[in-house]
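K.L.:
These are the residues of each chain, in order.
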Amino acid sequence: MYTSSMTLLTHLPIITTPPELYDRILSTVSRAKLRKLRFQAWLLCSSALVTLVYTLSFWGDWVNEFQSSEFVDFFKLLWSDPDIVFASIGTFTIGVLESIPLATSILILINALLILRSLILFRELKLSTSHSFIHAH
Amino acid sequence: MIEASPEQKIDSELIIAHKQGDTNAFNILLKRHLDPVFRFLARMVRNTTLAEDLAQETFLKAWKSLSSYDITRSFRPWIFTIARRTALDALRKKSDVPFSVLENDETNPSQEDQIIDKLPLPDALYDQALLGKTIEEALDQIPVTARDVILLHDVEDLTFEEISAISHEPMNTVKSRYRRAVHIVREFLTTHLH
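Just so you know, the protein sequences line up as chains A and B, in that order. Note that the first sequence covers residues 0 to 136 in numbering that gives the first Met the number 0. Note that the second sequence covers residues 0 to 193 in numbering that gives the first Met the number 0.
Only true hints are included.
If you want the footprint, here are the derived chain B segments under chain A, 3+ residues with CB under 8 angstroms:
#: 1; segment: 27-35
#: 2; segment: 42-56
Restraint ranges, calculated between C-beta atoms of paired labels, are given here:
#: 3; chain 1: B; residue 1: Lys30; chain 2: A; residue 2: Thr92; range: 50 to 60 angstroms
#: 4; chain 1: A; residue 1: Leu42; chain 2: B; residue 2: His167; range: 32 to 42 angstroms
#: 5; chain 1: B; residue 1: Glu160; chain 2: A; residue 2: Thr9; range: 14 to 24 angstroms
#: 6; chain 1: A; residue 1: Leu96; chain 2: B; residue 2: Lys30; range: 47 to 57 angstroms
No lab work stands behind these hints: they were computed from the structure. Glycine residues also receive a C-beta, built at the ideal position from the N, C-alpha and C atoms.
The whole structure should be built from the sequences, with the hints applied where relevant.
P.N.:
So, in structure tokens, the structure goes:
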């Protein structure tokens, strides 16, 4: 008559997980999450700063490009002769789209997105830091 | 329709919830799998203090990889894959175990047909207090590359197929190492309990 090895290993002494190990692991994960958030926030802020400095250093050129483009003229027309604009709305729309100063617009959009994302990330970081504080105490 | 509470959700549902930003999902996964992982690590490295650190490292690695985890895979073999690798790395650093052992584990083809899941061991060895300790000592005799197989199969109830996926080795190799581990345990028990 034989006993299977599987039955035999059930006679191994019981190993109990230390009760504090669960909290320790959660703390470790929490710290890792904070480090990751801080790094992302730092990276994003640096990018936002670089694009902002770049935009401001060429601000005069961007403003000139914007004002000399037909984009502004189209909107002046909308204000001065709205009936003409609405009568030829299709042509007006195409004209507006064609006259958008692309480079300036893209740069402003990138700046806005980076600043917005940085603010969201900082808020997330602040919330995570306060959750960690509550958890630790 | 009553929605399952977070504790009742299956592993894949928890991982999906984690990916969607549910911070409690990982906590439930941790609570569910910490005991078996810690138990496995403690028996692999034969040191509960080290096993605590390795359990921490295992679940930290799991958390970092969860965002790219394939939910069609079973979570349990995946977490044991990480645990096993973490244990082997720790043992290599300690240099306790010669890893050349069982590397070229040749299986006699004619014996493959005879490989079965459970090999019988001598009976009548039921002095409980002595038995548990002796079995622990027997596990110490098994090379670490076979110890994980017998622990995962006989204690954690994983199949040979799952263990093959965990260790990235062919199933025949896994079964061969299992058979060898059982043989070592049997020989040790026969010698020390008689």
